[in-house]
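Undergrad: Listed in order, the protein sequences are those of chains A and B.
If you read the first sequence in the working numbering, its first letter stands for residue 1, the second for the next number, and so on.
If you read the second sequence in the working numbering, its first letter stands for residue 1001, the second for the next number, and so on.
Simulated from the structure, these hints should not be mistaken for laboratory data.
Just to be clear, a hint being listed does not mean it is correct.
[As the list claims (entries may be wrong)] Residues of chain B placed beyond 10 Å of chain A at every Cβ, according to the derived structure:
#	residue
1	Lys1044
2	Ala1174
3	Gly1254
4	Gly1351
5	Leu1607
[Stated by the list, open to error] Listed next, with one range per pair, are the computed distances between beta-carbon atoms:
#	chain 1	residue 1	chain 2	residue 2	range
6	B	Lys1131	A	Arg560	40 to 50 Å
7	A	Lys127	B	Lys1131	46 to 56 Å
8	B	Arg1560	A	Asp318	53 to 63 Å
9	B	Phe1458	A	Glu129	31 to 41 Å
10	A	Ala596	B	Arg1560	46 to 56 Å
11	A	Thr71	B	Gly1559	27 to 37 Å
12	A	Lys348	B	Ala1598	46 to 56 Å
13	A	Glu129	B	Ala1409	25 to 35 Å
14	B	Gly1580	A	Asp40	37 to 47 Å
15	B	Asp1133	A	Thr390	33 to 43 Å
16	B	Asp1265	A	Asn119	53 to 63 Å
Glycine residues also receive a C-beta, built at the ideal position from the N, C-alpha and C atoms.
For reference, the chains in residue letters:
There are 2 protein chains.
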Amino acid sequence: MLRRVGFAQIHWEERMRNLLLASCFGAAALFTAGYATANDELAKMASDPNQWVMPAGNFANTRYSELKQITAENVHKLQPAWTFSTGVLRGHEGAPLVIGDVMYVHAPFPNTVFALDLNNDGKILWKYEPKQDPNVIPVMCCDTVNRGLSYADGKIFLHQADTTLVALDAKSGAVVWSVKDGDPSKGQTGTDAPFVFKDKVFIGVSGGEFGVRGWVSAYNIKDGKLAWRAFSEGPDSDLLVDPEKTMSLGKPVGKDSSLKTWQGDQWKIGGGDTWGWFSYDPALNLMYYGSGNPSTWNPSQRPGDNKWSMTIWARDVDTGEAKWVYQMTPHDEWDYDGVNEMILTDQKIDGKDRKLLTHFDRNGFGYTLDRATGELLVANKYDPKVNWATGINMDKASPDYGRPIRVAAMSTEKQDVNVKGICPAALGSKDEQPAAYSPVTELFYVPTNHVCMDYEPFRVSYTAGQPYVGATLSMYPPAGDTNMGNFIAWDGKTGKIVWSNPDLFSDWGGALATAGGVVFYGTLEGYLKAVDAKTGKELFKYKTPSGIIGNVMTYEHGGRQYVAVLSGVGGWAGIGLAAGLTKPTDGLGAVGGYAALANYTNLGGSLTVFALPQD
Amino acid sequence: MLRRVGFAQIHWEERMRNLLLASCFGAAALFTAGYATANDELAKMASDPNQWVMPAGNFANTRYSELKQITAENVHKLQPAWTFSTGVLRGHEGAPLVIGDVMYVHAPFPNTVFALDLNNDGKILWKYEPKQDPNVIPVMCCDTVNRGLSYADGKIFLHQADTTLVALDAKSGAVVWSVKDGDPSKGQTGTDAPFVFKDKVFIGVSGGEFGVRGWVSAYNIKDGKLAWRAFSEGPDSDLLVDPEKTMSLGKPVGKDSSLKTWQGDQWKIGGGDTWGWFSYDPALNLMYYGSGNPSTWNPSQRPGDNKWSMTIWARDVDTGEAKWVYQMTPHDEWDYDGVNEMILTDQKIDGKDRKLLTHFDRNGFGYTLDRATGELLVANKYDPKVNWATGINMDKASPDYGRPIRVAAMSTEKQDVNVKGICPAALGSKDEQPAAYSPVTELFYVPTNHVCMDYEPFRVSYTAGQPYVGATLSMYPPAGDTNMGNFIAWDGKTGKIVWSNPDLFSDWGGALATAGGVVFYGTLEGYLKAVDAKTGKELFKYKTPSGIIGNVMTYEHGGRQYVAVLSGVGGWAGIGLAAGLTKPTDGLGAVGGYAALANYTNLGGSLTVFALPQD
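With the hints as extra help, turn the sequences into a complete structure.
TA: Structure follows, in structure tokens:
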């Protein structure tokens, strides 16, 4: 017996040592490859489909993987391979990273980060749990979400709820550097994933419901030093716009392009926050992101176009200077934040190769632009029920070129009047849940919200750190419909829905497209679904422990393709469950239509990792 | 579009109506079958292997199922079919029930109960969340666990942390009746599952670390009226013992059998709590359970045998009268509670048919008794490292018959002396995690703790509702061993280990044996494991989201066999994680050896339901 135990012990120690060596070796190989810049290293890693090294898998935010072990033919055999509970109950947005043999998983507040050993069913190599003041929780509008991590240069970057950006040693979890980007006592919080482009790491800020004027910060990945910061609203110097060189729909924006569109000092508490996904075109040296709603939600308190809220931004990565801007919803009246991801594709339009940017806006329009110039090419509804505007003015000669053609009855300009039946609801035809794009089908796969609302604005005063919303909402599916979500395929060249699958609730999880001809996404009830990329036919579904608002990702390890997703219901759509709200008017009106969600799922954060059976 | 939506809506409503009808019909069929007694109904239901109608699957607590779709040959293909998060983070002991088309799932404090629709991937039919004073949490010694539900007569019985026993309408979740059994302000709490035998529902009480004198209560299932209550310690009238008729090892216990073994009034705060599993022999009309540690833990404060702590009880189900008792660890010095389950089997010993009771005690001995008479047949160590006693005196002629043969060096009678290297540790060679028995192999499958301790008693004063422990512990694996658990097969007729599989941590999840020749159990790291019932060969393992301290169960639905288990690390072994303890001496010394658990798993309650692939 003693002998056997002795052997077991030796075997155990040996196994530990081997694991340690394996991970150190793997890490060393990654961390010392001697790339000229972190960007070269990242670009190379992102081109390796075995890894998933940034939030969307690549700089272009296509969420497309070249892996094809899992195909439309065999995906029905998919099964969970292993799982991992994060120990946090509230909404789990975002996706893990895979760097070499290690998976990095994040969690909502308190923003725990785990390094999991892929060679050992997710054994915890290290864990980082920041100490944050819990007073940040009440100033997070839409659950205590965090949208994930980034990697570069041997560091894992975490953007904490309290706006701290921290660089962790990827091998040990030790803090390399840490910087506070904002002030939660003023309603400034961190929910978006950091993004690394070239030698900088970029973060935005949340707080549109607290009058926070949005900005993007660029920090040097090496030492955490601020390289530049650019605001969405205010003087040109704050915006990093050049009145003559920064273009909007083919024209220079001119002097004080933002200030001119605000009454008095309202711009100082004017929103335009930046909590979405960033993308990057190395050839153009431009990064792209959107700005959110103007503050307050009550439109009659802020006359004017409220530039540059609700705007797509193209900025020089090195200097932050704005190359072009396009405001989708001037003078927003419905909280149609413009923060959703910009997906960069190269496609032919009218026989001509174009560098495109496609964006599915909260306002219900899918936009395709030339990403080099900001030229508007396509703008169509991606949910036919959208009714606040009949279309986007595409007449270049018109003074209203590029502006939505509004429906007067859906205006919320009249204070204390409850405007009914506005589609989409405040959370938009799509919110933060990212779409995917397959270069094989040349289709975008878009998880959407199919929700309308009643909206009653009321006068509100600003107090730093207090809600500054000024509207009461009620949300529900469009009249006659029972589905609150559609998962659609979209042709960005023509602006047409190719197919559309109804789902019971909003599809609040991000999509993944693969070379296997399969598209994956999660549902609020908790299903991971796989559909045929060409036809939309459902090929597989599996009920994970909780509702999915996370984004599906894939990687290969040891010759086996894995598909992974965080479940853990919450976010804006799930705030009723996440924050224990019971009244239909609580939580920015979210509870109404989503109340039935409590019949399907329950809180609880966990990762489920799928693969084909090995037999 | 409108037409399609219209159709979808009709389809949806029709589906809902059908589901509703289906579940109502199923329920009606179950609830109106018109059995003479609830027991007849339960016995019939328990004999249907498609269901799992009581905590251990049957009255005998064998945790054996006749289902055999999953076999030793095909179990390697097992895969998760669906999952469900409970929304509660701390330790999840016990197992769900399956009644007809509905699964009933419980959770630790706040003791939420869910009715899940097996026809619809676990859609929530109803949810019951008691309102309980959170002040009960600090008086729960070993995590906020709850060990499950019982069913009878159309009611689901829940024993809440605050000692409330509630009967819920199985169809609607509405409270039918509710009764408060104890007083948490005195340290009395509810952690054990209720058990239904005949027309009564039985519960015990927890609180051995708070000086709670233990009892068992029998309530009428119909109206919640108290039928009888029997204490473990005190006057004969409290004990429901008859000095002449209640037997102990073949002799009447005599007058004041308990009072005589205590100094003064110490018995009033003397422990002997009753938080384990109950079993029942319908033919003998006897129910069986064990009583726990005497209070305080410091033995020098309570001279005497401290009867009837640490005792196996056989009671008349109708009257509560004790038929026989057997005290395994007189005058406990190590917290070796006697509460572990009594498994009732009919086996031949020496060619003779015997009605047996087998019990794996915390003290490290596996006992086999004649359950009709209480005759002691076998008592051997089921972990060879047990060192506090060399054996049990089996000499019927000896005055010490049936008593352990103690090792003086392991006595903790000397106050303020740290006694080192006692095996097993306070949590025993096995704690509440129930074993299983297969009538095919005639073997018991026992999840064990392989842990030793240092134990230093100190003087403690009693204050109602305050800890009354009086000892400091440190726990660790036996010298030279790295495994803190063994999953063993045990021959109860001979008292021998047939095979033994080491596990990294204690095996704190309950076992399941099946007619398919497979035995299932969970590990603290979170693996569900399947082993060959004959050889112990590992056939399958799967990493669930969190550590498993729940008990595996099985059922068949729609022609498919399912195996289900709750994961959610915690309990005494996982208290370090569950309660966020960091010092090795916190939590009754549990953290020491189990600290490494944090490298493997994380909090989070969820159910995983497994099946073979359908293709």
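Undergrad: Compare the structure with the hints numbered earlier in the document and write down the numbers of the violated ones, lowest to highest.
TA: Hint check: 5, 7, 10, 13, 15 fail, others pass.
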